[in-house]
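Novice: Starting from the known structure of chain V, arrange chain R on it as the hints suggest.
If you read the protein sequences in the order shown, they are chains V and R.
If you're matching positions, the first sequence starts at 1 in UniProt numbering and goes up one per residue.
If you're matching positions, the second sequence starts at 1 in UniProt numbering and goes up one per residue.
These are calculated hints, taken from the structure and not from any lab test.
One thing to keep in mind: the hints can contain errors.
Derived list of chain V stretches under chain R, where covered just means 3 residues or more per stretch with a C-beta under 8 Å from a C-beta of chain R [what the hints assert, rightly or not]:
id, segment
1, 64-71
2, 84-96
3, 165-172
4, 176-188
Please read all numbers here as calculations on a predicted model, not as lab measurements.
Virtual Cβ for every residue (Gly too), placed ideally from N, Cα, C.
Protein chains: 2
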Amino acid sequence: MRAIFRQELEQLGDHLIEMSRLVASAVDAAAKSLKTADLGLAEKVVDDDEKINELERTVDDLCISLLARQQPVATDLRIVVTGLMMSTTLERMGDLARHVAYVARGRYPRTACSDELARLVNKMGDQASTMAKLVMTLMESRDLAEAARIESEDDRLDSLHREVFTRVLNPEYEMERQELIDAILLARFLERFGDHCVSLARRTSFLVTGDLSNSVALPLEEDASDPHAR
Amino acid sequence: MRAIFRQELEQLGDHLIEMSRLVASAVDAAAKSLKTADLGLAEKVVDDDEKINELERTVDDLCISLLARQQPVATDLRIVVTGLMMSTTLERMGDLARHVAYVARGRYPRTACSDELARLVNKMGDQASTMAKLVMTLMESRDLAEAARIESEDDRLDSLHREVFTRVLNPEYEMERQELIDAILLARFLERFGDHCVSLARRTSFLVTGDLSNSVALPLEEDASDPHAR
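One chain only, chain V, in its complex shape (with noise of 0.2 Å):
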């Protein structure tokens, strides 16, 4: 009964990696389909954002199952219950990564934002980009100081969010309407994408160390860098 239950522990981690591989994977594609106005890979982040949703109702069924036939406490209880709220934050990070896509999309054969705007909101990509790889290394490797990585590399893509507020406030700045509310809805999605994998590298932590106290100061889903609370 024991091996059996660690062996579905063992499959619940793998089945987390693999969805924060392919996580990685929808950001990345469509953060390249906005630089480069990219129709069929926007397309591809689309459809693909299925089989996240799939793996998620995977995770779910498997945790549920498990904490039904196999009663577990301590630990073994925290590993499934995080393991339930990972996969609805990686679900979550799926479908940002989708509707930066659906911009993509939608701006075609045009790129959504130019010049000094399009480089800002690029760069907030590259960033989710890069972290969604960390949280997916740290995922597998289970090095807190991946974890510590992925919070500062947090602070750099909030950096970059108010950059194009400042940039959209200015006056002259021209730009369209179209583009104006293209960025700001791009920045967000990102920006809360950011937000998604500090929380998860918060319930890694969590799960290796059993210390939730960085939590308190900054609940896990905070969007901390919202202009508007300052």
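Specialist: For chain R alone, kept in the frame of chain V given last:
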């Protein structure tokens, strides 16, 4: 043992109802602060969000403790796991109400939007508030007619969301960039708030009927109304 268990399940239900009450009150106050440029009310929404976050932690602790001590199966397990998911959703709705309040606070002593755009955004705020009250009623009554009504009210919110986009993309309609940015973000926050109401309605239906089938066509956290998706 079982009597304590039943009591704790009831307590879980009461906590979730209390969270939904706080969230309904938060979004209602946020919408009002936006409409009337009421700084004190906006500040109150921001401050009170901590109560919602605290209640989320209480619910999560209770659920995990229930899983560890009572090892529920079948329907009871479903109630506890769904409780965990619902508390996360309600906490996020509190954040979204807080974001709306941030915008009201940031533009004081003016209102964020003016004229026709203000009328639309305020309608969205009222609609979100209506939906949050329906969620509260549903969580108390478990009456599935309320769940169906929440879904149809969300269609109305989504249609207002699209109207905001149409309005701001109309070149004849003059507005400042800050106003445009605020309108787009407010519309996004409120539309997401509505999605979360639908998610809660479906999870409650699931608890009552055991049937999650209507969430297969549309994932629980889907942004069905995203104008970019079209």
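Novice: A separate judgement is required for each hint: does it hold in the structure or not?
Specialist: Evaluation of the provided hints:
no.: 1; hint: 64-71; verdict: holds (count 4)
no.: 2; hint: 84-96; verdict: holds (count 6)
no.: 3; hint: 165-172; verdict: holds (count 4)
no.: 4; hint: 176-188; verdict: holds (count 7)
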